[in-house]
Amino acid sequence: MRLAIILSSVLVLAASAAVGQDKLAAKPPMGWNSWNHFANHVTDADVRSAADMLVSTGMRDAGYVYVNVDDTWQGKRDAQGVLHTNERFPNMKALGDYIHSKGLKFGIYSSPGAKTCGGYEGSLGHEAQDAKMYAEWGVDFLKYDLCSFNDNLLKAQAEHGGDVSIKKPMMIAAYKKMGDALKATGRPILYSLCQYGVDQPWKWGPEVGAQMWRTTDDIDDSYGRMIAIGFSHAGLSKYGGPGHWNDPDMLEVGNGKMTADEYRTHMSLWVLLAAPLLAGNDLSKMTDKDKSILMNKEAIAIDQDPLGKQGDRLYESGDLDVWTKPLSGGRVAVGLFNRSWSVRDISVDLAEIGFKTGGSVRDVWKQKDLGHRSGILTNTLPKHGAALLIVSK
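Under numbering that gives the first Met the number 0, think of the first position of the sequence shown as 0, with each following residue one higher.
These aren't lab readings, by the way, just hints derived from the structure by calculation.
Every residue, glycine too, gets a C-beta built ideally from N, C-alpha and C.
Be careful, since some hints might not be right.
What the hints assert, rightly or not - Taking lysine-lysine and the PhoX-like style, the derived pairs with C-alpha atoms no more than 20 Å apart in a straight line are:
#1 LYS22 to LYS175
#2 LYS365 to LYS288
#3 LYS284 to LYS22
#4 LYS26 to LYS284
#5 LYS182 to LYS104
#6 LYS92 to LYS75
Said to hold, decoys possible - Label pairs and their computed distance ranges (CB to CB):
#7 SER283 to GLY185: 33 to 41 Å
#8 ALA183 to ALA93: 56 to 64 Å
#9 ASP96 to VAL197: 48 to 56 Å
Make a model of the complete structure from these sequences and hints.
See the structure below:
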């Protein structure tokens, strides 16, 4: 009888953990990550400051709730294999508690390889041990970066006579091992795959327990790189949805190397893609323009729409793009993009997106109602500019 009770309890706990994992990321995750601005110099104080700023700027209330420590927090493993933090992070449990005290969630970083991208300790051979430690620290999000595990894949390929087919199942198994370890902790921890879109993770990410997966190589704070990543998502909309999101990488808004028009293009693309919105700037130095882009409530609402649909390209003509995203209530979000170096007119036929008799049009960036429109809607855009519209009946 006692054994039956114990087994029953175990099954209930396992079921509860599974439900918790399934409910993760019902909408695209939002928050802040340390890498784009602080890179390998991030400290405990930087992360605490970011948490404070998410609250004081209103970003937390706008939906940015994850505070994610990226690479270079790790120290060395002891004789029992326990991974300790380095001198820049004296107490990770205390940091997590501080983040949680602000009404925020705590994220961390590791790799399926022996080393991270920065050369710090990865989780290879310590997956269950590390997952348990993360749960004890109160971690809510794990970014798991391929990094040195690629060396393992190349070695296996060489050992199998150059057979490249050996690599994909090895990589999937490595990511599944950590996914299973996270589930076994009983704590809901959002699992984010970072392996640069290798072998189409949008097709197998859910099988390894992931809620989001990188679709491309790293972004940087440049218009060319940003649009190359964003527009490469044409055709991937069927793979995004509640609990499983395509991730075009973190936001660069506010890092200073793009114009305001280019940053609005960045944000417009990401929200149409129903992408995770992870700010990557120094929150203590945001301009009013940065805030107006990152915290535009209507843009965020497009990203977080309960329908959970990823947008896709309607058509492309030279340097002009039109993208649409179905929204709840029969509405449609429309993105008009001018990739050229001059002012251009760009049009969309409202009948083509389901409004044969026209519809009410709202300009998200101008925060202005454009009234009832029908037929061809034309917008004049500056170089590298974008318009983000919501059309409703």
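Comparing the hints with the structure gives:
no.	hint	result
1	LYS22 to LYS175	holds, 18 Å
2	LYS365 to LYS288	holds, 13 Å
3	LYS284 to LYS22	violated, 34 Å
4	LYS26 to LYS284	violated, 28 Å
5	LYS182 to LYS104	holds, 18 Å
6	LYS92 to LYS75	holds, 17 Å
7	SER283 to GLY185: 33 to 41 Å	holds, 36 Å
8	ALA183 to ALA93: 56 to 64 Å	violated, 25 Å
9	ASP96 to VAL197: 48 to 56 Å	violated, 36 Å
In this structure, the hints that do not hold are numbers 3, 4, 8 and 9, in rising order.
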